[in-house]
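*Asks:* If you want the building blocks of each chain, they are given just below.
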Amino acid sequence: MYFIQHIESISCQNTFGRTNFWNELKPLDSQCALLSPDYKNYIAPNTLRRLSTILRIGITCAKACSENINKDFDAISVGTSLGCLTDTEKFLVTINTVSGDILSPTAFIQSTHNTIAGQISLELKNHSYNMTHTQNCLSFETALLDGMLCIDEGKNNVLVGAADESISFMERLRGNLIDTPLPFTTLGTFFVMSNQPTNQSKVALLKSSVFFNKPEAETIENFIVNHTVDAVIETGDRFLKLSSNHSNVLLYSGYNQSASAFAFHLAVDRLTYDGNLSTILVINNLDKGKLGLTLLQKHVS
Amino acid sequence: MKIFVTGIGVVSAIGMNVEEALLSLRSQKTGISKGTQPFSERFMVGEIPYSNAELMEKFKLKDFSSRTALLGKIAAKEAFTNHTLHTQIRTGIISGTSVGGMDVSEIEYKKFLKDGTDSLDAYSHHSSGTTTQQIADELGITEYINTISTACSSAVNAIMLGARMLQSGQLDRVLVGGTDALSSFTISGFRSLMIFDENWCKPFDEERKGLNLGEGAGFLVLETEQSISKSGIKPLAILSGWSNASDAYHQTASSPEAIGATRSMKEALSVAKLSPSDIGYINAHGTATPNNDLSESVGIKNIFGTNIPPFSSTKSYTGHTLAASGGIEAVFSILALHHGMLLPNLNFKNSISETGLTPIKEYSEGNNIHHILSNSFGFGGNNSTIILSKV
Numbered sequence: 487m488y489f490i491q492h493i494e495s496i497s498c499q500n501t502f503g504r505t506n507f508w509n510e511l512k513p514l515d516s517q518c519a520l521l522s523p524d525y526k527n528y529i530a531p532n533t534l535r536r537l538s539t540i541l542r543i544g545i546t547c548a549k550a551c552s553e554n555i556n557k558d559f560d561a562i563s564v565g566t567s568l569g570c571l572t573d574t575e576k577f578l579v580t581i582n583t584v585s586g587d588i589l590s591p592t593a594f595i596q597s598t599h600n601t602i603a604g605q606i607s608l609e610l611k612n613h614s615y616n617m618t619h620t621q622n623c624l625s626f627e628t629a630l631l632d633g634m635l636c637i638d639e640g641k642n643n644v645l646v647g648a649a650d651e652s653i654s655f656m657e658r659l660r661g662n663l664i665d666t667p668l669p670f671t672t673l674g675t676f677f678v679m680s681n682q683p684t685n686q687s688k689v690a691l692l693k694s695s696v697f698f699n700k701p702e703a704e705t706i707e708n709f710i711v712n713h714t715v716d717a718v719i720e721t722g723d724r725f726l727k728l729s730s731n732h733s734n735v736l737l738y739s740g741y742n743q744s745a746s747a748f749a750f751h752l753a754v755d756r757l758t759y760d761g762n763l764s765t766i767l768v769i770n771n772l773d774k775g776k777l778g779l780t781l782l783q784k785h786v787s
Numbered sequence: 002m003k004i005f006v007t008g009i010g011v012v013s014a015i016g017m018n019v020e021e022a023l024l025s026l027r028s029q030k031t032g033i034s035k036g037t038q039p040f041s042e043r044f045m046v047g048e049i050p051y052s053n054a055e056l057m058e059k060f061k062l063k064d065f066s067s068r069t070a071l072l073g074k075i076a077a078k079e080a081f082t083n084h085t086l087h088t089q090i091r092t093g094i095i096s097g098t099s100v101g102g103m104d105v106s107e108i109e110y111k112k113f114l115k116d117g118t119d120s121l122d123a124y125s126h127h128s129s130g131t132t133t134q135q136i137a138d139e140l141g142i143t144e145y146i147n148t149i150s151t152a153c154s155s156a157v158n159a160i161m162l163g164a165r166m167l168q169s170g171q172l173d174r175v176l177v178g179g180t181d182a183l184s185s186f187t188i189s190g191f192r193s194l195m196i197f198d199e200n201w202c203k204p205f206d207e208e209r210k211g212l213n214l215g216e217g218a219g220f221l222v223l224e225t226e227q228s229i230s231k232s233g234i235k236p237l238a239i240l241s242g243w244s245n246a247s248d249a250y251h252q253t254a255s256s257p258e259a260i261g262a263t264r265s266m267k268e269a270l271s272v273a274k275l276s277p278s279d280i281g282y283i284n285a286h287g288t289a290t291p292n293n294d295l296s297e298s299v300g301i302k303n304i305f306g307t308n309i310p311p312f313s314s315t316k317s318y319t320g321h322t323l324a325a326s327g328g329i330e331a332v333f334s335i336l337a338l339h340h341g342m343l344l345p346n347l348n349f350k351n352s353i354s355e356t357g358l359t360p361i362k363e364y365s366e367g368n369n370i371h372h373i374l375s376n377s378f379g380f381g382g383n384n385s386t387i388i389l390s391k392v
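Residue numbers (the numbering used here), protein chains in the order written: chain A, 487 to 787; chain B, 2 to 392.
What the hints contain is simulated information worked out from the structure, not anything from laboratory work. Please read these numbers as outputs of a predicted model, since none were measured by experiment. Where is the CB? At the ideal position from N, CA and C, for every residue including glycine. The reader is advised that the hints may include incorrect statements.
Claimed, not checked - Chain A stretches covered by chain B per the calculated footprint, using a threshold of three residues with CB under 8 Å from any CB of chain B: (1) 502 to 515; (2) 594 to 601; (3) 607 to 613; (4) 634 to 643; (5) 659 to 672; (6) 718 to 728.
Stated by the list, open to error - List time: in silico DSS-like cross-link candidates among lysine-lysine, alpha-carbon distance up to 27 Å: (7) B/K111 x A/K576; (8) B/K302 x A/K774; (9) A/K641 x B/K3; (10) A/K557 x B/K267; (11) B/K63 x A/K700; (12) B/K115 x A/K576; (13) A/K641 x B/K267; (14) A/K641 x B/K274; (15) B/K63 x A/K576; (16) A/K774 x B/K78; (17) B/K78 x A/K700; (18) B/K267 x A/K611; (19) B/K302 x A/K611.
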């Protein structure tokens, strides 16, 4: 078991720095906007100026987690599907429009996927294991599995998270590469896991797995055998039949390839504050043929 | 639990497979020259001298993909040559990449900016995760597929994660390494940082000016002892140590005290249960940038004191292949273990004045080398080290 000490999300819902919000959530409409905290409370102005949204989200959530547990992270594992899109696009525009030899390197440096985890380590002066996983819609789960492995290997206070950015260019791909009627959104979720329950931890992560090209229904059935699932949070609605208590996280997160991380947060929040629930299954089936399954349980010491 | 290497595959500017690479290493022949593509022709690069169409024909690859995925398929296939899929051997793949399918996307995006005639389907190749998925599909691997993106340390991190997944019992066998193709994006990016050398790069030299970019892919197959007893494959080496640590100093530069590098080398030795004196050769990260080579030298001195083993950077052969470098250099290190090779550090004349360290100047074979340490350091202060040992 892995114990969730603290968790933060920045999303289009009012989530940052809040708890017990699961019941307030309303489905997003197409005009939804990111609800950002005052980043100045977490990031110095000179640094903040050059940071893209996804980097602001990563640093802010990580710092909030760090301040809360007041300990150094033994490992940092971050997932992102498309990485730092804003800076990637910025640099693509730069190289296609700026003539001559003087190009500003900032966008290039900040375009690589590992800038998120790298900036976190820089801001926190953290010298430990630092990893960035990118496996399309399973990026969060592969990052989570690495975090779990770190704890199995004896580390404690492991920061795990995932974030993805939307850019207006994505609208071009709607209906073609990305088939969804939902708004494209930016979001990030980060949390600290420990190897022991703490005074703060109310939820335990029981297990998580990723599956490629396996039969969906059968795989889910095998995953939850021996457990009683009280609620299901899915990146879609193919498994309404699994539980009378089913929610589609995409309605609340918008279309985002790290949506399952947000679903993880919703599960933790519900298990902490909803007295009727003991076990929640998170199903990530956003990518066709790929499955991420996570089981969380209320755990009060 | 011992982690065995049971397959190696490599494609780079010095050869299209392991045998060709070995020949080039032995003859001290660099693969770096003036680029042939519009985006590379002004630079010295370690380019693979075949177009995508030629590569697909030469290696009998049917499905279109980005050049990054193509190079990955070639090296991964070579590594997996004597292996077959088996229901009792849970096999995964972990690849590192920084370019991903950008070599395709950048062409389309340019059209988008010009007149909106970009092919939307082409963007399906863009994501780094898809690059690895395409390599997995080529080999029929379905148990576990993952991509590490930590810039220049990606492949070594993929190797490390693979080893840990074997040790934890989640997999029995795993293909690990990395791949990156040359692209206008990365060439422009490094140009904007002004860390290119206009001529052949000079790792660890006082006059070093910067790096030459390269492209390629390098993969290993890692297996547990139990898995080998089922597959019957002869092990080539043991992956005995690994580590990753953060410098946490600057977005692109390494700390003068080499905090991250020192920590990753120290921890890798600890995992391998070896002392510094056990290391027979260091394959350094050695990009030939003023900053890296100084910082890495400081790190090496921190660990090895006055007993510094023979060391060199093979980036003067292949160029800096970014995310693929750790994979390519792991293959070179295994060849070095087998043949007792001390690989020379091409283009070296004078030691860095601050450190006075001299890398290997002449090629030799038949040396008694039992353990090789290989470093890969990525932007963002991501420092990784692996140790490979004789079976």
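*Asks:* Taking the hints in turn, state whether each one holds.
*Replies:* Hints, verified against the model:
no., hint, result
1, 502 to 515, "violated (count 0)"
2, 594 to 601, "holds (count 8)"
3, 607 to 613, "holds (count 6)"
4, 634 to 643, "holds (count 3)"
5, 659 to 672, "holds (count 3)"
6, 718 to 728, "violated (count 0)"
7, B/K111 x A/K576, "holds (13 Å)"
8, B/K302 x A/K774, "violated (50 Å)"
9, A/K641 x B/K3, "holds (21 Å)"
10, A/K557 x B/K267, "holds (23 Å)"
11, B/K63 x A/K700, "holds (24 Å)"
12, B/K115 x A/K576, "holds (16 Å)"
13, A/K641 x B/K267, "holds (17 Å)"
14, A/K641 x B/K274, "holds (19 Å)"
15, B/K63 x A/K576, "violated (34 Å)"
16, A/K774 x B/K78, "holds (26 Å)"
17, B/K78 x A/K700, "holds (24 Å)"
18, B/K267 x A/K611, "holds (19 Å)"
19, B/K302 x A/K611, "holds (23 Å)"
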